[in-house]
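**Q** Keeping their order, the protein sequence lines are chains A and B.
Mapping of the first sequence onto the numbering used here: position 61 corresponds to residue 61, and the numbering continues sequentially without gaps.
Mapping of the second sequence onto the numbering used here: position 94 corresponds to residue 94, and the numbering continues sequentially without gaps.
It is worth saying that the hints were derived from the structure and are not from the lab.
All values reported here derive from a predicted model rather than from experimental measurement.
Don't take every hint at face value.
[Stated by the list, open to error] Partner residues aside, some chain B positions facing chain A, computed with beta carbon under 7 angstroms: (1) Ile12; (2) Lys14; (3) Ser43.
[Claimed, not checked] Straight-line alpha carbon distances no greater than 25 angstroms define the calculated BS3-like cross-link-like pairs of lysine-lysine that follow: (4) B:Lys104 <-> A:Lys69; (5) B:Lys41 <-> A:Lys99; (6) A:Lys26 <-> B:Lys14; (7) A:Lys99 <-> B:Lys64.
All C-beta atoms, glycine included, are put in the ideal place defined by N, C-alpha and C.
This is what each chain is made of:
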Amino acid sequence: SQQGEEDPQALSIQEGENATMNCSYKTSINNLQWYRQNSGRGLVHLILIRSNEREKHSGRLRVTLDTSKKSSSLLITASRAADTASYFCATVLTDSWGKLQFGAGTQVVVTP
Amino acid sequence: GAVVSQHPSWVICKSGTSVKIECRSLDFQATTMFWYRQFPKQSLMLMATSNEGSKATYEQGVEKDKFLINHASLTLSTLTVTSAHPEDSSFYICSARRQPGTEKLFFGSGTQLSVL
């Protein structure tokens with residue numbers, strides 16, 4: 001079953017705008033990760049935030065984690081056409097031997 | 001960064017045939033590999049966890065005899081879709097963990113399987 005639910009399902013923005021997507025999960029986690037997938041390709045790891053962290057930055061990416069609400073957000077600032085992709089959150093459950101459970105994903109389209 | 005190679009990228013086969021997909025970690029030893037399945041515009045569904053030298057652990061609802069997984073070495077895991085049918089058509093992706101204790105996964109580029 002899906003551990004993470006994401007919203008929005010799809011997001012269309014102009015270059016230069018910020019893109020924000022959210023992820024909610026149901027059970028206790030060790031960490032939460034965000035991945036990016038270009039159409040018809042594998043996934044690329046973007047950022048990992050641990051359960052004891054609240055915010056993390058990597059370049060134009062900003063991730064927050066609220067364990068009390070069991071939610072996370074990914075912000076892409078100053079978006080570019082090359083950011084067009086699907087973005088997935090993934091959680092590592094505390095007793096799962098490191099298995100990743102993926103959310104439904106947010107499809108982001110950035111138009112020039 | 002670590003590289004995971006998945007082959008083939010796409011395959012078309014007739015119903016009833018078997019298809020083997022390979023997943024190789026090129027520059028690191030992967031003690032654990034995961035196999036996912038993805039339908040169009042949907043998320044990844046974990047099929048099984050493959051540990052080198054032991055039997056794969058399948059997720060609930062995944063047929064072991066249908067999807068044979070072999071992790072014979074620290075750099076290679078294979079998924080064989082046996083007696084494929086049109087409903088097996090999907091995008092299959094493997095991923096590998098570099099070593100125990102690391103959480104980040106490295107993904108192959110995926111295999112699009114189309115069963116006619």
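**Q** Hints first: check each against the structure and report whether it holds.
**A** Each hint tested on the structure:
1. Restraint check, B:Ile12 versus chain A: the minimum CB separation of about 15 angstroms is more than 7 angstroms; hint violated.
2. At about 23 angstroms, the closest approach between the beta carbon of B:Lys14 and any beta carbon in chain A exceeds 7 angstroms, and the interface hint on this residue is violated.
3. The beta carbon of B:Ser43 comes within 5 angstroms of a beta carbon in chain A, closer than 7 angstroms, and the hint placing it at the interface holds.
4. With a C-alpha separation of about 24 angstroms, the suggested pair B:Lys104 and A:Lys69 falls inside the 25 angstroms cut-off, and the hint holds.
5. At roughly 22 angstroms between alpha-carbon atoms, B:Lys41 and A:Lys99 fall within 25 angstroms of each other, so this suggested pair holds.
6. Distance hint between A:Lys26 and B:Lys14 is unfulfilled; the C-alpha atoms sit about 41 angstroms from each other, more than 25 angstroms.
7. For the suggested pair A:Lys99 and B:Lys64, the alpha carbons sit about 18 angstroms apart, so the restraint of at most 25 angstroms is met.
In this structure, the hints that do not hold are numbers 1, 2 and 6, in rising order.
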